[in-house]
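Trainee: Generate coordinates for the entire structure from the input sequences, incorporating the hints supplied.
These protein sequences, in sequence, are chains A and B.
Using the numbering used here, the letters of the first sequence correspond one by one to residues 4 to 88.
Using the numbering used here, the letters of the second sequence correspond one by one to residues 55 to 325.
FYI, nobody ran anything at the bench for these hints, they're computed from the structure.
From a predicted model like this one, the values you see are computed outputs, not experimental measurements.
Virtual Cβ for every residue (Gly too), placed ideally from N, Cα, C.
There's no promise every hint is true.
Here's a subset of chain B near chain A, in silico, CB distances under 8 Å, partners left out [to be verified]:
1. D208
2. V242
3. V250
4. D252
5. I256
6. L259
Single-letter residue listing:
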Amino acid sequence: MSLLDYFKITKVSSASVAKERLQILVAHERSSKNQPSYLPQLQKELLQVIQKYVNVSNDSISVNFEQDDHQETLEVNIVLPDKPR
Amino acid sequence: MTRIIVVTSGKGGVGKTTTSAAIAMGFAKKGHKTAVIDFDVGLRNLDLIMGCERRVVYDIVNVIYGEATLNQALIKDKHCENLYILPASQTRDKDALSQEGVGQILEELAAKDFKYIVCDSPAGIEKGAHLAMYFADDAFVVTNPEVASVRDSDRMLGILASKSRRAEQNLEPIKEYLLLTRYSPERVRIGEMLSVADVQDILSLHLLGVIPESKSVLTASNSGTPVILDEKSDAGQAYVDIVARYLGEDKPHRFIEEEKKGLFGKFFGSK
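Mentor: Here you go:
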């Protein structure tokens, strides 16, 4: 570290860190607020059913709920293992 | 037409009761018949801030349970004849309030020609907070420029938009206003505090006013006089502006920028 670094004003202000953290958090909380409450349970039960037939890991399933003015979409994404065992 | 205003925040300690007392006094001083209701059953404090704690005989729960009439429970303010205070119960369970009971009280106040009804919400999102905002026409969202407060305000906005009477009956939504309290322009300048613009970016709310961090808030509560009556204080003036803006007057925002200290102030420190 050179002596010059001591004089550089590179420190990010704590307020801008706060703003960034809040923007991410608030966006996330707003999107999850509109989701139906059965979603986590649905995800759990789907996984149990699939695991009866295919050896998938717990994090290989994602359930997304999206909503716009006209329609609601429930998207279920399951990643199957490369070689079925 | 009666207007019901809820003063809410989610988080505690951000200035809801200070704000409720100040704006209710502000409306009354402008000549509007105003009632201010404490919804914090079990932890009432509005009576202390309004300086009427020794005149509380009956409270909102007594009225709901038919143990007293509304007229018996309403306390006439000693500073302003247009202002009445309905205290919360200090002894009852916080679930003692009911939606029908609160609805009836608000209807009765409207029938008595009250122009503004200010509902001082408790912190949190439980029953008291829910009932304080349920019947509201307008919401004053009190926020500190600080992460926890901003997050809780956003949560509260979600509740206002989905769980209020207006939301349930598909009426025009509650009008939401931002009141940024305990603001310190000096700390914003050196990057230690979220700015007004930052908070507005995150919450996308109409700014009704900024109340600066001020010693006068504590001294006002010490003596039980709403800070808006301290006309010399910055916080008092900020609340005067807020009341005027809400009533439709065009007042430029103040207390967002640092005050330029004069030579005298630089040497001897002001305030």
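Trainee: Next, verify each hint and record whether it holds.
Mentor: Hint check results:
The restraint placing B/D208 at the interface with chain A holds, with a minimum CB-CB distance near 5 Å, inside the 8 Å limit. Below 8 Å, beta-carbon pairs count as interface contacts, and B/V242 has one with chain A at about 7 Å; its hint therefore holds. Hint status for B/V250: violated, given a least beta-carbon distance of 12 Å to chain A, over 8 Å. Taken as an interface hint, B/D252 checks out: its beta carbon lies about 5 Å from the nearest beta carbon of chain A, inside 8 Å.
The closest approach between the C-beta of B/I256 and any C-beta of chain A is roughly 5 Å, which is under the 8 Å cut-off, so the hint is satisfied. Hint status for B/L259 relative to chain A: violated, with the closest Cβ pair at about 12 Å, above 8 Å.
In this structure, the hints that do not hold are numbers 3, 6, in rising order.
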